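Let's have the full structure, built from the sequences with the hints guiding it.
Below are the chains, spelled out letter by letter.
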Amino acid sequence: MAELRALVAVKRVIDYAVKIRVKPDRTGVVTDGVKHSMNPFCEIAVEEAVRLKEKKLVKEVIAVSCGPAQCQETIRTALAMGADRGIHVEVPAAEAERLGPLQVARVLAKLAEKEKVDLLLLGKQAIDDDCNQTGQMVAGFLDWPQGTFASQVTVEGGKLKVEREIDGGLETLHLKLPAVVTADLRLNEPRYATLPNIMKAKKKKMEVIKAGDLGVDLTSKISVVSVEDPPQRTAGVKVETTEDLVAKLREIGRI
Amino acid sequence: MQATRIAPSVGWQLLRLGGGSSWPSAFLRQPRPGPARRPYASGAAQAVLEKSESLPDASTRDKQAKAESKSFAVGMFKGQLITEQVFPYPAVLNEEQTQILKELVGPVSRFFKEVNDAAKNDSLEAVEETTLQGLKELGAFGLQVPSELGGVGLCNTQYTRMVEIVGMHDLGVGITLGAHQSIGFKGILLFGTKAQKEKYLPKLASGETLAAFCLTEPSSGSDAASIRTSAVPSPCGKYYTLNGSKIWISNGGLADIFTVFAKTPITDPATGAVKEKITAFVVERNFGGVTNGPPEKKMGIKASNTAEVIFDGVRVPSENVLGEVGSGFKVAMHILNNGRFGMAAALAGTMRGIIAKAVDHAANRTQFGEKIHNFGLIQEKLARMVMLQYVTESMAYMVSANMDQGSTDFQIEAAISKIFGSEAAWNVTDECIQIMGGMGFMKEPGIERVLRDIRVFRIFEGTNDILRLFVALQGCMDKGKELSGLGSALKNPFGNAGLLLGEAGKQLRRRAGLGSGLSLSGIVHPELSRSGELVSNQGLERACIKSCWGWPSESYVPSPSFQAVQALEQFATVVEAKLIKHKKGIVNEQFVLQRLADGAIDLYAMVVVLSRASRSLSEGHPTAQHEKMLCDTWCIEAAARIRENMAALQSDPQQQELFRNFKSISQALVERGGVVTSNPLGF
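Chains as they are written, first to last, in full-length UniProt numbering: chain A, 1 to 255; chain B, 1 to 683.
None of these hints come from the bench; they were simulated from the model. It cannot be assumed that every hint is accurate.
To be verified - In silico lysine-lysine, DSBU-like type, Cα no more than 30 Å apart, as pairs:
no. : chain 1 : residue 1 : chain 2 : residue 2
1   : B       : Lys371    : B       : Lys381
2   : A       : Lys202    : B       : Lys381
3   : B       : Lys371    : A       : Lys202
4   : A       : Lys116    : A       : Lys200
Source: prediction; values computed, not measured.
As structure tokens, this is what we get:
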């Protein structure tokens, strides 16, 4: 069982604590000079992979990220958390802005095949676009079983047992390997990268490749029309009685 | 608390141990006191001056004396602009070091925001166990230990950045970490043999063992040379027997490795006379005989453990001597000097956090129908706070960069940064409470805890008072040498005409307020030095003449760099005058020395911000214009302070009366045992 190899995909996003500002030309949000870090759900995915390695269920953890040069910082964080080596799929900054789940899923599918991994771990969604699609699409491309919104992952009798958090409660699945798992919030609590590990991570291997090397076309059929602030919340209206409430609702055409 | 008996001879000690080369006999004209007349020494200042004491032969001493110091502080006492170490603002990290540092900042900040609970640590009067464990795993206990020995291997500048984070969140933890690595085992890093380093550093770096620095004793605080703990060598020479007690030792109750300073008998090989000199030892708790008292109850940094450590017949192997036998004082002072920049760094971080809280309050609190940040009183407070923070931060990073660049002559600057940072932090936090009003006084916002934590920074690691004396005297030392050189030239005027003319010329010009042609133009960014003529003294003369004739002086505001140069010249003039007047007796003129030190501090502060703002302007930083404003504002006030201080020092009769009065009033109080007068009612 210790022959399993895992690929973890991580995304560099604007830090969750930053106050987002829309660019004046409304083509996107301000990213220059803004603090970025690893997507929190990706962190949970890396943590899970490293824990599986510590339990000796996984032999090697590879961290991968698609994007501009700064993605290497994110990969290094994964290395500092315990991943063994990193792959940076380099995409120039302008093109990277148009990268969506479909393109990334194509890249990851090709990589998973090339590296012959048994397990692909991702965060369930990124906090910048909230797509919640990449993991599912990769599974589709690879025709692998998927366990999304995982809150617990164990290896049982040669299969992956995944407990999922779904709207109705918890669902437990058994997946044949190789499989795709996306991490949800309660899967684990990621460790803090320690300073000595960050120093050691510098020595770990980081491969840089291009999407073209994998034979993947990154053209997107989606273009962003405009990005705007949500409308300012207006004050509510207080009413005295339920009759008034019903009348008001009728007035504004809600019932 | 032990009263420090700083008698007139404290200054003597400060200079006597500076070695023969510092105050040439021509200038001194008096024999130095022998060992018998060695009452109360002032340790911190004294020992750092003691550099040359351990040097064995005269030729080495002379070489050291001849090597020109590149320290800006040394230069300013002589009226020179030695700019190598201060302009341009140093940037010493290469790309790799910068990248690593950026990666370290995230996890450490997160740890302090999410795991460490400063309020909890304060009420527990200890660092929470999970936090301590987390810090050890994080690698925070061995930041400057080389990575081959298990540490993170940071240089001084990188360490400064890390310490800034710690200072921003929890000074109690900061002292626990600092007492351990900044002074506790720094001696092993600086002076340890290969064997000592390999034996002790790995466990210290991982935090498995903690370290403590043991110098202070009940009767020896500032007067560190008077310690009484003794280490007697065994007849076989294999070990020393250590006896004595140390008080107020940070980490005293937690540490397993102690850097202990004790008096050892040294036999002079030539004369056979036995003298008691201080030696530094690495002492392990498991040598037996080491005990500690309960944790002291303190005003602040309560999370840090402070305890008495007692050594009772402890056998310390001879291999555990740190540095050379008898050179313990030098070891102690080097350790303290080496770690001093860390304090300014931590406090810069503290102030940054405090200012954010003050601004948050001022921006949101409405009174009299307006947010209070619209009121002038609040605006001035906030502006002053941030200038103090900017200066402290600029000093911390400059000193650490100078150290990384290999400079060995940074002791005055390090001392200045400690004095400035500790007093700035106190003022900033105090004002933050004031801005927040009643809320600031309450426990919950946590500002009062920070104020309590900060108070000790003016006291430990060399009290600010001692450090001021040190700054003034060490600075005067080189100038004194120069003047003594002049003195001998006067004996042979024909042979030394050139020297005399040059010197006399310089002195004349300075005394006439015409300056010696020093200028920072070309070194400082043009926006900080008003273009063209006003930087030179001719410009000043012309402007003065214009205003004398009643011509509008077109709002002549001297540029900050011009003010800095002017202030420097004024300062140097006064230094020279006081040295000529008092000669070696200046060591006892503490009223004068304090004011000289304040002038030196203000001057260095001006130069530091000029340098930093210049760089920001040249490099087009987004905050450059704001920094220019901070720099201009600071320099206007600092220059005015220096002018006032120096003018006061120069107006002799009044000064003398002032100082006499201080002395008499103090004596009367001591005789009376308190306030001499009763209240206006008479009972």
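Each hint tested on the structure:
1. The suggested pairing of Lys371/B with Lys381/B holds, with an alpha-carbon distance near 15 Å, which does not exceed 30 Å.
2. Taking the CA atoms of Lys202/A and Lys381/B, the gap is about 45 Å. The hint is violated against a cut of 30 Å.
3. A C-alpha spacing of about 49 Å is found between Lys371/B and Lys202/A, which places the hinted pair above 30 Å, so the restraint is violated.
4. With a C-alpha separation of about 26 Å, the suggested pairing of Lys116/A with Lys200/A holds against the 30 Å cut-off.
Of the numbered hints stated above, those contradicted by the structure are hints 2 and 3, listed in ascending order.
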